[in-house]
Amino acid sequence: MSDSETFDAYWPRSPRQTQLKSLAPRLDTLRGKTVVQLWDYVFRGDEVFELLEEGLKERYPDIKWVSWKEFGATHGNEEHEVLASIPERFKELGVDAAISGMGA
Amino acid sequence: MLRASAVCEEAGVPTATLVCEGFLALAAAASQGQGMPNIGIAMVPGHTGVQSKEQLRENILGVTVGNVINALLEKPAEGKLEKEPKARDIVATGTLEEINEYFLANQLSDGLPIIPPTQARIDAFLRYTERRPDEVLGILLPDMRAATIWSIAVNGVMAGCRPEYMPVLVALIEAMCDPYYGNEHSGNTPGGETLILLNGPITKELGFNYTQGVMRDGFQANTSIGRFWRLYLRNIAGFLPHGNDKCTFGNTFRVVVPENEDVCAKLGWKTNSQDFGYRAGTNTVTISRFTGGNHISSISGSKPEELMPYIADSMQKLHSWHFLFTVGAECGGTLRPLMFLSPILAELFAAAGWSKQDIKQKLWEEARVPAWHMERVSRIWTQKPSWNLPLEVKLGRMPRVYHESDDPNRLVPIVWHPDDYMIVVTGDLGRNSGYIFAHNGVLGYPTAREIKLPKNWKALRSAANSVANTAKGKKKNGSSS
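In order, the protein sequences belong to chains A and B. To convert, count from 1 in the first sequence and add 3; that's my numbering. To convert, count from 1 in the second sequence and add 7; that's my numbering.
Everything labelled a hint here was simulated from the structure, so no lab data went into it. Heads up, a few of these hints could be off.
Claimed, not checked - Each pair of labels, with its calculated beta carbon distance range:
#1 A:Asp6 x B:Asp426: 53 to 61 Å
#2 B:Ala470 x A:Asp11: 48 to 56 Å
#3 B:Glu373 x A:Asp11: 45 to 53 Å
#4 B:Thr389 x A:Asp6: 24 to 32 Å
#5 B:Gly53 x A:Trp68: 35 to 43 Å
#6 B:Lys277 x A:Asp11: 47 to 55 Å
#7 A:Gly35 x B:Asp413: 42 to 50 Å
#8 A:Glu61 x B:Asn258: 44 to 52 Å
#9 B:Leu88 x A:Asp11: 23 to 31 Å
Beta carbons: idealized from backbone N, C-alpha and C, even for Gly.
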């Protein structure tokens with residue numbers, strides 16, 4: 004390579020294999036809705052969910068909860084299994100919304 | 008956790024994703040890969056790990072509850088994915104310096120100079136595989152990009168690899184794509200780094216260092232392939248610091264470490280690749296992630312019984328938060344510590360009739376901690392759910408050895424089974440030391456792949472050697488600058 008030699012360099016990435024996806028329709032209210040908790044078992048999610056239950060029940064007294072204990076960790080050994088079970092399990096449980104934590 | 012939210016949204020269920028304040032950039036990057044850049048985030052102020060119960064309460068009730076309501080009820084902004092070049096676009100034309108400036112500015116490099124990936128150089132790599140350039144080995148999270156033969160060649164060129172390393176690079180990316188390995192966890196908090204182990208005759212054929220200073224840079228095959236791995240994690244999987252790579256501190260890439268198969272053969276010991284089910288003499292790579300490690304210096308004694316207490320003590324002391332991978336339903340039983348043994352130590356063990364398996368068994372018996380300590384680390388120090396060993400055993404989620412009595416001082420092993428230990432013979436032929444790596448369990452589970460050589464490998468190598476010898480001859484005769 005000399006100092007003046009020029010090169011045509013290719014892009015080292017490859018295109019993303021995902022398209023823009025639509026989010027689920029939002030709810031008009033949380034009154035009487037069933038909300039599921041999904042947790043990856045880190046960052047004190049168990050305590051956070053307890054506080055969320057408390058805070059949301061103040062505004063929506065008839066909100067119903069499905070505990071994170073129903074599912075198992077969404078991160079780790081069971082992740083693939085738990086995520087694959089979500090659509091069917093949500094139907095069985097009549098889930099209207101989900102809160103997923105903790106972290107990113 | 009964002010992956011779980013994406014599954015819910017696709018199932019038609021609106022979500023609020025709880026994200027600690029310091030993880031918002033990661034959430035933004037990861038949501039692009041999921042095709043849902045506008046997914047609803049409910050920010051949790053600060054980091055829950057350093058907040059009192061009162062502070063946590065104030066933050067969740069005062070801030071996060073409102074964020075959750077907004078995420079579930081308010082129509083999200085229109086989502087947009089970033090525009091990007093196409094798979095084979097030339098993105099920069101210029102001198103070496105200009106190309107490097109472009110790659111740095113666009114986060115396509117690791118901070119070191121790269122070799123420009125030009126058509127001629129990429130073609131040279133592609134000659135060393137029979138696979139089509141567009142063949143997809145897998146889709147890599149979190150960016151959801153296709154791992155193609157073409158992209159392997161491009162990043163191999165950039166890393167400073169030689170074209171003949173291509174079969175090794177392909178095997179590595181096959182392993183990276185194996186769900187068993189868990190590549191999607193490569194940007195997690197502890198910031199572990201992959202260690203690549205190499206076995207087989209290709210070690211000598213490609214000139215890898217496998218003796219003194221085996222973990223040191225300075226040997227092209229070991230070093231450039233290690234760099235390739237990290238470049239590929241950045242460019243294809245998408246693990247960029249300040250984005251998807253959310254390591255607290257991180258590590259630099261590790262150079263490739265081959266096992267000294269000459270010593271294994273002399274001692275009648277199984278090689279690492281045989282432990283992974285391959286025939287002796289098979290060329291393989293084995294990848295696994297480790298947060299760190301430590302040298303065990305000057306392991307002294309004249310028989311195994313004198314060496315083992317020091318080795319077991321070192322093994323036990325190097326493990327703390329890693330009990331996350333020993334205890335509990337989500338990751339339990341996935342801890343696979345790795346130990347390097349220098350050749351003369353292996354010879355000492357073998358002379359006394361010990362195999363690698365015997366050492367693993369002894370480590371399992373002796374590298375133990377009090378049960379109360381393992382529970383304390385898991386439950387209190389790292390604030391994981393309320394685990395206790397008797398309950399885990401009762402629920403059938405851990406082996407009985409973790410609750411053989413109710414004595415909190417009973418000693419329990421740091422791994423479930425003796426075979427969870429990995430032992431590799433490598434390093435300085437004349438030194439009596441070891442090295443232990445603290446494994447990251449399910450966040451980079453040991454995964455091996457055979458390195459498949461093209462049918463014309465010998466012809467290609469012969470031609471390459473001929474060119475190399477000519478160049479050396481010219482240099483020797485002073486006819487080349």
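Now the hints, each set against the structure:
{"no.": "1", "hint": "A:Asp6 x B:Asp426: 53 to 61 Å", "verdict": "holds (56 Å)"}
{"no.": "2", "hint": "B:Ala470 x A:Asp11: 48 to 56 Å", "verdict": "violated (26 Å)"}
{"no.": "3", "hint": "B:Glu373 x A:Asp11: 45 to 53 Å", "verdict": "violated (59 Å)"}
{"no.": "4", "hint": "B:Thr389 x A:Asp6: 24 to 32 Å", "verdict": "violated (53 Å)"}
{"no.": "5", "hint": "B:Gly53 x A:Trp68: 35 to 43 Å", "verdict": "violated (25 Å)"}
{"no.": "6", "hint": "B:Lys277 x A:Asp11: 47 to 55 Å", "verdict": "holds (48 Å)"}
{"no.": "7", "hint": "A:Gly35 x B:Asp413: 42 to 50 Å", "verdict": "holds (47 Å)"}
{"no.": "8", "hint": "A:Glu61 x B:Asn258: 44 to 52 Å", "verdict": "holds (46 Å)"}
{"no.": "9", "hint": "B:Leu88 x A:Asp11: 23 to 31 Å", "verdict": "holds (27 Å)"}
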